[in-house]
Amino acid sequence: MADGRSGSLNGLVDVDNGVVSREIFVSEEIYRREQERIFARAWLFVGHESQIPRPGDYLVSSMGEESVILCRDREGGLHVFLNSCRHRGMKVCRYDEGNTREFTCPYHGWSYATDGALVGVPYAKDAYGEQLDRSRWGLVEVAQMVSYKGAIWVTWDRSAPPFLEYLGGYKLYLDLLLDAWDGREGGTEVIGGIHKWLIPCNWKFPAENFSGDRYHGVSHRSVDMVGIGPSGKGRRDMQERNEARWLDVSFPELGHSMIAFLRKHDSPIAPAYQDAPAVADYFRRCEEDRKRRRGEYWRLFGGPGTVFPNTSPLARQPRTLAVWHPRGPHQTEVWRIYLVDADAPPEVKDFLRHYYIRYSGPSGLTEQDDMENWNYAHKASRGTIARRFPYNYEMGLGRATRGFEDHGLRLPGAITDVTAANASEHNQRGFYRRWRQFMDASSWSDF
Amino acid sequence: MADGRSGSLNGLVDVDNGVVSREIFVSEEIYRREQERIFARAWLFVGHESQIPRPGDYLVSSMGEESVILCRDREGGLHVFLNSCRHRGMKVCRYDEGNTREFTCPYHGWSYATDGALVGVPYAKDAYGEQLDRSRWGLVEVAQMVSYKGAIWVTWDRSAPPFLEYLGGYKLYLDLLLDAWDGREGGTEVIGGIHKWLIPCNWKFPAENFSGDRYHGVSHRSVDMVGIGPSGKGRRDMQERNEARWLDVSFPELGHSMIAFLRKHDSPIAPAYQDAPAVADYFRRCEEDRKRRRGEYWRLFGGPGTVFPNTSPLARQPRTLAVWHPRGPHQTEVWRIYLVDADAPPEVKDFLRHYYIRYSGPSGLTEQDDMENWNYAHKASRGTIARRFPYNYEMGLGRATRGFEDHGLRLPGAITDVTAANASEHNQRGFYRRWRQFMDASSWSDF
Amino acid sequence: MADGRSGSLNGLVDVDNGVVSREIFVSEEIYRREQERIFARAWLFVGHESQIPRPGDYLVSSMGEESVILCRDREGGLHVFLNSCRHRGMKVCRYDEGNTREFTCPYHGWSYATDGALVGVPYAKDAYGEQLDRSRWGLVEVAQMVSYKGAIWVTWDRSAPPFLEYLGGYKLYLDLLLDAWDGREGGTEVIGGIHKWLIPCNWKFPAENFSGDRYHGVSHRSVDMVGIGPSGKGRRDMQERNEARWLDVSFPELGHSMIAFLRKHDSPIAPAYQDAPAVADYFRRCEEDRKRRRGEYWRLFGGPGTVFPNTSPLARQPRTLAVWHPRGPHQTEVWRIYLVDADAPPEVKDFLRHYYIRYSGPSGLTEQDDMENWNYAHKASRGTIARRFPYNYEMGLGRATRGFEDHGLRLPGAITDVTAANASEHNQRGFYRRWRQFMDASSWSDF
Amino acid sequence: MSDESAELARLLLKHEIEELLYREAELLDERRYEEWLELFTEDVRYWMPMRRNVPRDELEREFTREGTDVNWFDEGKETLARRVKQILTGVHWAEEPASRICHMVCNVQVLTAPPAGPSAEIAVKSRFLIYRNRVETETDLLVGKREDLLRRVDGSWKIARRKIVLDQSVLLVKNLTFFF
Amino acid sequence: MSDESAELARLLLKHEIEELLYREAELLDERRYEEWLELFTEDVRYWMPMRRNVPRDELEREFTREGTDVNWFDEGKETLARRVKQILTGVHWAEEPASRICHMVCNVQVLTAPPAGPSAEIAVKSRFLIYRNRVETETDLLVGKREDLLRRVDGSWKIARRKIVLDQSVLLVKNLTFFF
Amino acid sequence: MSDESAELARLLLKHEIEELLYREAELLDERRYEEWLELFTEDVRYWMPMRRNVPRDELEREFTREGTDVNWFDEGKETLARRVKQILTGVHWAEEPASRICHMVCNVQVLTAPPAGPSAEIAVKSRFLIYRNRVETETDLLVGKREDLLRRVDGSWKIARRKIVLDQSVLLVKNLTFFF
Ligand code: FES
Ligand code: FES
Ligand code: FES
Ligand SMILES: [Fe+3]
Ligand SMILES: [Fe+3]
Ligand SMILES: [Fe+3]
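If you read the sequences in order, they're chains A, B, C, D, E and F.
Going by this note's numbering, the first residue of the first sequence is number 1, and it counts up by one from there.
Going by this note's numbering, the first residue of the second sequence is number 1, and it counts up by one from there.
Going by this note's numbering, the first residue of the third sequence is number 1, and it counts up by one from there.
Going by this note's numbering, the first residue of the fourth sequence is number 1, and it counts up by one from there.
Going by this note's numbering, the first residue of the fifth sequence is number 1, and it counts up by one from there.
Going by this note's numbering, the first residue of the sixth sequence is number 1, and it counts up by one from there.
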């Protein structure tokens with residue numbers, strides 16, 4: 001391909017015809033360009049407010065390849081800083097989380113307040129005299145930050161559009177993850193422990209898979225045979241899904257997407273969690289409350305999705321948020337948090353926790369096989385001949401509609417109804433359309 | 001050096017003066033260019049028919065850096081496919097060998113028949129409608145394939161010359177490996193188990209060594225002292241060699257070469273295998289039969305050689321075929337198979353098997369030291385200063401002759417008689433002349 | 001950045017304003033250029049005469065990334081050769097040290113005398129005839145070599161200035177390491193065993209740290225708390241330091257520098273080594289003798305420093321010489337030798353040996369923390385955002401003076417008196433000024 | 001009971017436990033997962049916490065909590081049995097083809113005195129090095145400690161509780177399709 | 001014989017075998033190869049098969065066959081002795097300079113009851129981790145299992161048969177100039 | 001003393017020593033350094049030489065010499081105690097946050113017959129694999145041998161001398177902030 005830094009990506013990504021070159025997954029040059037054009041400019045998820053409730057609390061997180069500090073200053077304000085000293089670059093905080101008044105660098109002792117200000121400089125007066133302008137040498141802070149219903153989003157680019165504009169119509173779908181199950185705004189919290197692990201594949205394999213891959217049932221056949229669902233069978237409780245319309249929702253101009261479901265008009269609440277009466281009761285009550293609060297919108301529920309570029313909500317049980325951090329073209333580090341209704345009863349939280357663990361992540365019976373497939377799909381795509389043959393994204397080409405409406409319920413986004421088709425690659429095409437746009441644009445003004 | 005992708009290799013390879021730059025062994029750019037210009041265009045060896053006798057049998061092999069499936073379809077036809085799904089690239093077959101009706105991809109379940117046809121697509125009708133043109137999305141198959149006396153050769157390039165033309169006059173020498181010892185055409189088989197191992201050196205170190213390095217006796221001095229030969233002494237039975245003319249045979253315009261020997265006119269059959277009467281008898285009988293069948297050509301016997309680029313027959317005992325698969329500029333994966341006369345008596349096969357194991361590969365007393373030398377010759381050639389000093393290939397410059405004849409026996413190729421000289425680098429020069437040609441030519445029509 | 005091979009480094013290194021880009025520590029291109037422009041041209045330290053006292057003695061050492069043989073020929077002459085055979089590049093000597101008459105290559109048996117001459121070529125006459133010009137195929141030898149007070153320095157570049165000119169006024173400071181403690185010229189020796197270990201950071205982190213980093217006390221706070229000094233407290237005996245003027249000495253046009261101390265005019269000899277009377281006596285006697293021999297210059301004593309590019313003397317106890325060998329942009333291999341007065345009494349040598357071991361290297365309580373800081377300073381500087389923020393070298397900008405004089409004692413170099421300031425980055429700025437010069441100049445004539 | 005015979009009793013017990021743990025490794029690496037399951041009590045707790053980097057004086061925050069936090073494993077026999085069943089389906093791609101796994105068991109410590117009665121529980125510590133190699137060159141190495149509670153059931157020891165302390169924070173392998 | 005004394009006999013035997021295997025590792029890593037050779041019977045079979053990736057329900061095809069296929073090792077004492085002799089020549093470049101090798105032996109299992117008579121054979125399993133480091137930074141790690149048949153000869157145990165199961169398919173090291 | 005009871009005595013001693021060495025590993029990896037220090041006699045010698053690549057017939061030059069050359073370690077209890085104290089300051093950055101370390105101890109050999117008297121010394125060999133993982137993904141592996149001299153002090157064994165043979169020449173880790 002042409003030099004990935006400057007050249008165009010013409011021919012590598014042709015979503016109109018549903019073909020995408022393997023180069024974009026395995027090329028070093030394209031990877032480096034992604035760091036500059038996507039991860040240094042896009043809005044990224046770094047953590048949840050419930051992870052740092054008190055002033056001075058901090059969580060070391062990641063943006064693209066880099067370590068960042070998410071912390072709450074002494075007035076309770078949120079900040080995200082590059083985790084690198086301005087003097088000689090030392091990683092100022094090597095702990096994962098905690099509470100502190102300052103971050104003191106272990107190399108020469110510069111110290112930074114929780115608002116990033118350079119507050120301590122050994123021998124400041126004697127050694128630097130008046131020379132050192134501390135105001136210019138505080139920790140590097142992100143250009144924009146938003147806390148949306150507890151989820152904290154940031155970008156390095158001051159010219160990036162505001163988060164809600166970046167999110168656009170996808171807000172409705174992200175809310176399916178972040179709102180309480182009974183329909184109240186917000187009200188979710190992270191339960192302790194972040195799953196962090198490495199996968200030997202490019203970050204886009206999981207990002208596109210979560211964006212809307214309904215098609216990889218064969219990957220999980222063994223789980224369907226064994227049964228880990230909340231009612232003891234299959235992977236999940238299927239009834240409410242089976243009674244619903246299946247919608248692949250994408251915002252191609254934004255890159256976001258989700259697998260969604262729409263219950264039939266006046267369909268009843270489907271039974272679920274039959275193994276656990278207390279849990280079944282809880283969810284039935286929540287559904288009723290949501291129905292009351294949301295009216296027709298109660299009918300909408302979600303599945304996996306991706307907020308461009310690398311944050312993937314999963315809006316049903318197990319309810320999680322995954323971030324696919326790039327670690328070189330051939331490796332991804334996953335950070336996975338688990339969300340519950342903050343005020344759900346303990347037995348419900350405990351039941352869901354067990355479900356998360358057996359379903360998700362490296363010890364999850366379901367996702368273990370995803371990792372295997374992403375690993376060897378990536379590996380088998382690196383060769384000279386392989387790179388000459390693009391991937392196929394034709395499924396459901398040209399079936400999407402805008403202005404979706406069902407019994408007076410309007411849904412935003414470009415939507416492909418796959419109730420009959422079972423699956424489409426509509427969402428993945430939207431993801432790569434946006435990816436192409438980011439990679440071609442030299443600045444936000446070009447978008 | 002100039003950019004390896006486009007620049008010329010002028011000055012790096014000067015076989016006329018017997019100097020070759022170290023760059024071609026250690027440069028990333030040159031390595032990448034080799035993948036495009038050599039391994040994506042040349043004829044490569046992938047396996048032997050005796051490894052997949054029945055319909056549905058398959059063997060996962062390698063071409064250059066990539067995994068390929070060698071298999072026999074239900075009609076018994078041979079095929080070689082890139083081992084990567086056309087949908088998202090998943091490695092469709094992760095087993096080494098077996099028998100199957102189909103290759104089903106574990107990611108989304110596309111399945112391919114043993115002739116490569118895409119025969120199974122989940123939800124084909126519902127999800128793809130008429131869109132997906134299956135005929136365009138079968139497994140990627142090689143452009144040309146030939147089974148020559150059981151040895152299967154393939155190329156990705158449809159403009160490559162036919163195999164026998166590519167092989168040229170070398171056929172006579174390759175037959176020394178593939179024909180039965182008694183002179184019948186073919187009749188060899190692989191005995192079970194493929195030696196596969198990694199060496200930390202560029203693939204050309206072993207390729208040139210096998211092409212004709214008679215000079216590295218000091219490498220194997222310890223074996224000569226210890227004695228592992230079939231008659232208990234040295235590395236080999238030497239008498240027939242010692243009585244013969246030593247010929248370094250090269251086809252510089254093709255890149256192939258072999259160490260060959262020519263018995264004296266009416267020399268008797270030399271004694272060998274004195275440790276094992278049954279084996280000694282078997283080979284004596286074979287020699288007599290061959291003499292009868294081949295007449296004067298009986299006098300010719302072979303040693304190690306290389307079919308350009310990376311397949312090395314060893315035409316005497318231990319009779320083997322090695323393939324030097326590139327795994328980055330600094331690593332090579334060797335695949336080694338062992339050949340015997342299919343109808344040799346069991347005790348002969350068993351004797352030879354033991355000889356193979358103690359002679360060849362990572363557990364072979366002889367070749368262990370080759371690996372050590374290739375490893376550290378490569379490592380000591382990577383530095384900035386080292387790369388300024390070319391290797392020396394002057395040995396026997398200008399001594400080669402064409403139209404070799406001995407008592408009416410004509411031998412093809414450019415031949416250097418090293419009976420008195422003991423060794424030359426004639427064959428290595430031929431190898432690099434061809435290498436240069438491949439690297440400079442932008443397509444087969446430029447050759 | 002612009003292509004590291006040809007482009008200029010404008011903007012990456014601005015020592016006048018005390019900012020240096022992180023690129024120069026983490027960029028592959030810049031690293032490759034360093035190999036060509038710095039390590040292939042500068043004077044490098046390879047060993048000490050006391051390590052190879054007898055004819056035939058050899059020590060395998062390193063220059064930049066490459067292995068070299070330092071040896072003494074049969075007439076006692078010193079040589080340094082690239083440790084790679086001229087035939088196919090094999091590492092001719094894989095031992096660390098010893099005594100030999102020849103170096104025989106294990107691949108094909110070419111053998112080289114201890115003066116580098118190609119003296120043995122198997123089958124020379126038969127195989128090569130008159131072709132091989134042995135005089136052109138001896139071991140690759142360095143272009144220039146100097147043994148200065150036992151320390152052996154070499155360069156690959158014949159156009160490099162003579163060593164003493166390269167060293168310039170820094171000679172006075174290097175002597176603080178190489179002369180006996182009592183002021184006699186030379187008289188130091190290496191005590192057995194070379195510390196060799198790997199650090200995951202760019203080679204310039206330790207080189208600049210040793211060049212004059214008085215500022216990283218916090219790195220070693222734990223040692224100050226624990227106490228490992230020769231008098232049982234702190235890191236060192238401090239009194240003579242505390243009574244002295246602190247001088248950061250740099251030769252910006254040469255790149256060399258050292259942390260130095262100047263006792264007050266007629267200050268007495270400070271007590272030290274109170275734990276060990278014998279050692280205390282020895283040093284007191286040495287100080288007195290030096291005072292007598294050196295007069296006013298007795299007042300000068302040294303600390304850590306760096307001879308550009310990668311050799312760091314430490315001129316006080318623990319008295320060592322470190323070489324920071326580049327091993328890729330992200331890794332450094334340290335070689336560390338320990339120097340003592342050759343004729344110091346055994347109990348003194350033993351005391352110092354213990355002090356070395358507990359202070360220096362990977363098992364040294366002090367330097368363990370340096371390695372940690374260099375590791376994570378490097379790691380946290382690799383990212384896309386991090387590379388946009390240069391390091392800060394402003395400390396003490398504009399405070400240096402030339403023509404330093406104190407009670408008639410003149411000291412060469414540009415000197416910053418940091419007695420009051422405690423520290424400056426004067427030496428580091430000098431180091432990068434010279435680095436920039438090397439990297440911009442296409443040949444020595446451009447300097 | 002004399003000192004020496006007490007010593008001897010402890011030694012015999014340790015031998016018995018080592019044989020159990022080596023047997024367990026044998027069953028796992030020979031892929032005899034159903035037999036392996038029988039080594040656990042019906043009420044077994046199988047727990048592997050995650051680990052955080054925290055200041056030395058706050059090490060109580062190092063581990064995620066059993067029964068409360070998200071862990072690598074925090075389950076009973078039923079879920080373990082489902083994991084086994086999944087591998088045996090032959091379509092659990094992450095273990096198809098089967099990995100080549102080796103459990104090296106070291107530093108076996110029996111922390112409890114030999115019990116008097118027939119039914120009893122003892123605490124045992126051991127360490128593991130798990131080597132996994134699969135397909136062509138894929139290789140993983142996991143090292144850490146185990147804390148087992150063993151219970152004698154019908155005359156033979158069974159594992160009633162296992163805590164696994166893996167010496168990693170970010171998990172360096174792509175999945176955990178094997179057992180500790 | 002009482003249960004306990006039977007247990008004790010088994011324990012003493014295991015101790016004896018562990019000492020033998022640790023002694024073997026000591027001889028190998030101290031490069032005392034000729035003494036090491038003496039630990040083997042004259043008719044020893046030393047076999048290390050290669051391994052294939054096959055479907056879980058065809059695992060019988062996983063290993064190459066002793067006495068039939070090409071294996072990594074499939075030999076007797078004479079060839080072993082030649083290997084030793086080669087290393088000792090001092091010109092076996094692959095072991096010159098000598099590698100720094102460590103054999104970690106774990107999971108020793110004695111599968112046979114202590115034999116009554118003076119001459120007898122017992123089956124023993126053990127696991128190895130072999131660490132090889134040589135020249136400057138070259139480092140290899142090999143992990144797997146051994147199945148030994150030990151025979152008592154003149155009152156001391158000797159190795160009459162050894163099967164080595166390396167947990168690799170593609171061999172990840174350049175050569176096998178050491179012993180398992 | 002009968003053969004068997006002699007055997008038994010040796011076995012009991014070996015068990016005692018294994019418990020000591022496993023206990024030591026436990027204290028180290030649980031970061032209980034002060035308790036660990038108590039396992040050493042006041043006059044302990046703790047020595048870890050460096051290793052050179054030399055010709056096979058000059059192996060006497062392989063190791064740097066105790067008490068003469070520069071080694072990796074060559075010290076007594078006082079310096080060991082300072083190392084411990086340093087880690088516990090909480091500002092020894094190389095161990096802050098604390099590394100996750102696992103000492104796998106193998107091949108324990110007691111080379112001396114069980115001593116008669118109450119006070120006595122015995123020679124013990126063992127092998128170690130040390131796995132260190134810290135911060136995010138930083139991982140080290142060190143493998144080698146130990147030769148200990150143990151002395152019975154007030155009825156319990158203490159380490160009076162330890163020689164550590166690391167199977168590396170160039171040290172492949174950035175620092176040695178842990179113990180062997
Ligand atoms: S690197 Fe942080 S203070 Fe110097
Ligand atoms: S990757 Fe093979 S079916 Fe999707
Ligand atoms: S490489 Fe040294 S003689 Fe051939
Ligand atoms: Fe999935
Ligand atoms: Fe050879
Ligand atoms: Fe320091």
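Hints in this document: simulated from the structure, not taken from any laboratory.
Please note that the accuracy of each hint is not assured.
Unchecked claim - Listed below are the simulated DSBU-like cross-link pairs for lysine-lysine, each with C-alpha atoms no more than 35 Å apart in a straight line:
#1 F:K85 to D:K163
#2 A:K125 to C:K233
#3 F:K14 to C:K233
#4 E:K14 to B:K349
#5 D:K163 to F:K14
#6 D:K77 to F:K85
#7 D:K125 to F:K14
### Task
Enumerate the violated hints, using their earlier numbering and listing them in ascending order.
3, 4 and 6
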